[in-house]
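If you read the sequences in order, they're chains A and B. As numbered in our numbering, residues 1 to 772 make up the first sequence, in order. As numbered in our numbering, residues 1001 to 1215 make up the second sequence, in order.
Simulated from the structure, these hints should not be mistaken for lab results. Any given hint could be a false lead.
[To be verified] Straight-line distance between alpha carbons at most 25 angstroms, and here's what the computed PhoX-like set of lysine-lysine pairs gives:
| # | chain 1 | residue 1 | chain 2 | residue 2 |
| --- | --- | --- | --- | --- |
| 1 | A | K391 | A | K676 |
| 2 | A | K391 | A | K521 |
| 3 | A | K287 | A | K177 |
| 4 | B | K1032 | A | K224 |
| 5 | A | K72 | A | K97 |
| 6 | A | K422 | A | K177 |
| 7 | B | K1032 | B | K1071 |
| 8 | B | K1030 | A | K55 |
| 9 | A | K55 | B | K1083 |
| 10 | A | K722 | A | K735 |
| 11 | A | K706 | A | K753 |
| 12 | B | K1090 | A | K753 |
| 13 | A | K521 | A | K270 |
| 14 | A | K521 | A | K118 |
| 15 | A | K287 | A | K602 |
| 16 | A | K72 | B | K1150 |
| 17 | B | K1083 | B | K1032 |
| 18 | A | K120 | A | K505 |
| 19 | A | K753 | B | K1071 |
| 20 | B | K1071 | A | K193 |
Quick caveat: nothing in here was measured; it's all calculated off a predicted structure.
Okay, here's what each chain looks like letter by letter:
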Amino acid sequence: MAKVPLTQQEMLDTYGPTLHYTPAGGFRTVEDYDRLVSTHCCFCGQQCGINLKVKDNAVVGFEPRTEFPFNKGKLCPKGVKRYLQGSHPDRLLYPMKRTAKGYERISWEQALEETVQKIKDIQEKHGKDSFAMLSGVSLTTEKSYLVGKFARLALQTANLDYNGRLCMVSAGAGNKKAYGIDRASNSWEDIVKARVIFVIGSNIAECFPITTDYVWRARDQGAKLIYADPRMVPMARTADLYLPLRPGTDSALLMAMLHVIIRDGLTDEKFIAEHTTGFEATKEAVKDATPEWAAKITGVPAKQIEKAARWYGEAETGMILHARGLEHHTKGVENVVSCANLALATGKIGREGCGHSTITGQGNGQGGREHGHKCDQLPGNRDITNPEHRKYIAEVWGVEEREIPGKGLSAQEILNEIHAGKIKGLLSICFNPLVSLPDANFNREALDKLEHYTVIDFFLSETAQHADIVLPGSLQEEDEGTTTSGEGRVIKINQAITPPGEARKDWEILLDIAKRLGRGKYFPYQNTREIFEELRLASRGGTADYSGITWERVEKEMGVFWPAPQTTEKGRKALRPEDLDANHPGTPRLFEGGKFYHPDGKGHFNAVAWRESAEVVDAQYPIWLTTGRVVSQYLSGTQTRRIGPLVDQYPNPRMEIHPRLAQKLNIKDGEWVTVKTRRGQITIKALVVNTIRPDTVFVPYHWGGKQSINMLTQRALDPVSKIPEFKVSACVVAKATPEEIREGEEAERLASKTEKLPLNYGLGERRKEFSR
Amino acid sequence: MSEMRFFIDPIRCIGCKSCMQACSECATHKGKPMIHLEYMERGNSTQTVPMVCMHCENPTCAAVCPADAIKRTEDLVVQSSLKERCIGCKNCVVSCPFGVPRYYPEMDQMMKCDMCYDRTSVGLKPMCATVCPSEALFYGTLEEFQSRRKGTPINTFEFGEQEIKTRVFLVAPDGYVNLSMDVMHHLDGRFDDGAYDHLDPFAHLEAMPMSGGLL
């Protein structure tokens, strides 16, 4: 049904990606703007503070926000150029409907009415759960909360999930198992105070650049840096100890490190006895995990594993940092708890300079997942299957508990069910699964089978191109609300401009749909502040307790760390948000004094057994394929592949390959190669570098269509977190044939087009465009 | 003269080009960065080096300019060529020992880093040093640098018989830095030449005492 109606060339010409270079009105002098709006970057989970320059209701530039404590003005290239997504020629400005000839402009009335009619038709015919919703964590926490409530009470479907599923869910599940709470254990300031920093599976220089400054500040004071990654990424280059482990073998390395720590008496026995449970089983599980054993699995020399274990074990203080390299596995949760085992065994948690933190990849990955659009959670990080949790949320929402649907399917499972024909309709907001989910060809087939698909977005992403109805939503700078950074710091996003053309704020669109579905009484909000006030009440008493946080405090204190629970009896019993108190100072460092969030107050060891990845290399597919990011692109590239200067930094995906492997395959730097797995193949250019293991190739994942490496990755999921195994596939690499090269060149040609606008394309012209 | 100094610490550079993107925002050189990022050979290293104008005490570029187009401010910031004077001869381009000035044919003018004079002259930091995520570019006093950071700031350079003192400091790392980034050097013996064929599909599956797990 939902097949793309135009040719690739026609889609590119009409909807981009167009490379946008020039700010609205041209480049300006330092003072040439109406006002500065203090807000945050719209990209990764560091959520750097930034000032946007605004003139005539357009964002025309940026100014560093040096007073914001996290980044003190520092920005990566994406942060610097983020403002160029405003006044962009590809911006969706009015609702559209797909016809046999392409998309045609329709009225909001028609777009909403047709969407609602389809929802009703499909649900009447096939049941409530046959209409699913997919959400994104570029949304503010207020919008995430609203989406959770909207799907459960307006759509009345259990099948709601979000793109954080592709990001940090393994870390969240692992942290809950180990510590009883799903958050980085410390503010980033503790990195600076650590004597040893162990980074595993995280390219911090390219994915979380500001974090490198925290690491360097620690190193200036003598801290050692241990870096484990299959690639010599820019921060690994300078590390005191580098461990180039084979993709998928993280838990073997971590088990061996724990083995050495126990063997050499580097455990903190007092901490283990007083503040943890389960140590004996974990000790037993790593009994045979010698460095020599791990060396065979990981490829890292045994003496280097011993050294890493001793450095970490002997240091007075230490931090463990990881990201998707550790978590994007079918054993992502096991990898995370293996890190937690190290921290608990050495007592390096809950005190100054100590901690174990995941680095949030997506902007509001932290806040978004805590408050409702995750298929198994209710606001406050509550469990949707727990009757008490359900009862409390039902009370806040003013519904019967039975009216809240149960646990639904995760993101990939929703696509699987669409493919199987069981889910017939879809509403999505700010999620581009066609690029970001694994096995893209399968997912494309799934989208084609939908009976109806409505999308809310601001650009026509690869996925949105399959929609029947397109509703133009809002950019981050066009609305206000809060997000929560990777540190656990709740921060304020401020509105800089109003949505252009007929585009509307996302929450207003959802409210309109709810109203037309006859469920308007549950959504009485006049603004997003009212949503936050309800969220405070809904989160009260949950582990992610925001009830003591107000917008005013967030602004004044430059962020407040959750949990910030109620401190007064009145607040703890309040039934109205206005009766909540805001006295709690917030919690930058969790677990102080060895107090954890499990009911027994202890940290839990989790014994892990080594196992292989879902797919391993064999005679047919003999090379490991792993994926990741480049510094100038963000996630599925929906936003960054439209910003010219960022695309110029790294225009097309390239495959990193070691010279030794390249020589065996007779591949030279810059030559076209075809990478193939059991799911599909891609033809791109090779980048011959000795900064990667010789048995592994790497391809970044930000591109769509025939440049999408996610055509090759697999849908195997972690059994607990349901995160796909992006980081390990078995592939074969060969020189591309002339026909494949032609396809590769065609894919590069269709990846983007350059805007044809005069240098001083002004605001007046933009307004004319918007009113077209 | 201002106490503020500019420091370049290549070891910290993460190659993100944040400096170039921020520099290109300036209204005086619309969309063009005046800071450049040099790469070591990418095949062998992820090392990158940002390069700004060094703001020499006796700038060779100004000395060789036949049109007297390159001026220096009172606080020793060497400016881009004056548009009305620059004759586009490129003497400055070829004479600069650091290879900084560039000639832009579309403007018919030499342009280079002027240390964000529009910002530094009013007490702000240069844009590149403000945004640099890893502080590979740092703007502050010498005392501030030395109290916070490792490494030795150097601002005297010898090019043959020519000694040049600069306002910008390059930071030399403490101790030896190995710039060979070959991952092979960090792998175990099986990856030594001839000892392991990584195309052997079952090499990683050799018998392991814990294969299948203990639980």
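Taking only the CA atoms, is the gap from K521(A) to K270(A) under or equal to 25 angstroms? violated (55 angstroms)
Given the hinted pair K1083(B) and K1032(B), is their Cα-Cα distance within 25 angstroms? holds (16 angstroms)
Proposed proximity, K55(A) with K1030(B) (alpha carbon, max 25 angstroms): Answer holds: K1030(B) to K55(A) is near 18 angstroms, not above 25 angstroms.
Please verify whether K753(A) and K1071(B) have alpha carbons no more than 25 angstroms apart. violated (41 angstroms)
Hinted pair K55(A) and K1083(B), Cα distance within 25 angstroms: Not satisfied, since the Cα-Cα distance of roughly 29 angstroms exceeds 25 angstroms.
Restraint status (C-alpha distance of K1090(B) to K753(A) at most 25 angstroms): It is violated: about 34 angstroms lies between the C-alpha atoms, which goes past 25 angstroms.
Is the hinted pair K391(A) and K676(A) satisfied, with a Cα-Cα distance of at most 25 angstroms? violated (50 angstroms)
Restraint check for K722(A) with K735(A), where alpha carbons must lie at most 25 angstroms apart: Distance of about 35 angstroms is beyond 25 angstroms: violated.
Quickly compare the C-alpha distance for K1032(B) and K224(A) to 25 angstroms and report which way the hint goes. Violated - the C-alpha atoms of K224(A) and K1032(B) are around 38 angstroms apart, more than 25 angstroms.
Between K72(A) and K97(A), does the CA-CA distance stay at or below 25 angstroms? With Cα atoms ~45 angstroms apart, K72(A) and K97(A) exceed 25 angstroms; violated.
Pairwise hint evaluation, K505(A) against K120(A), where the allowed Cα distance is 25 angstroms at most: holds (24 angstroms)
Please work out if K287(A) and K177(A) have their alpha carbons no farther apart than 25 angstroms. holds (22 angstroms)
When held up to the earlier numbered hints, the structure conflicts with 1, 4, 5, 6, 9, 10, 12, 13, 19 and 20 and fits the remainder.
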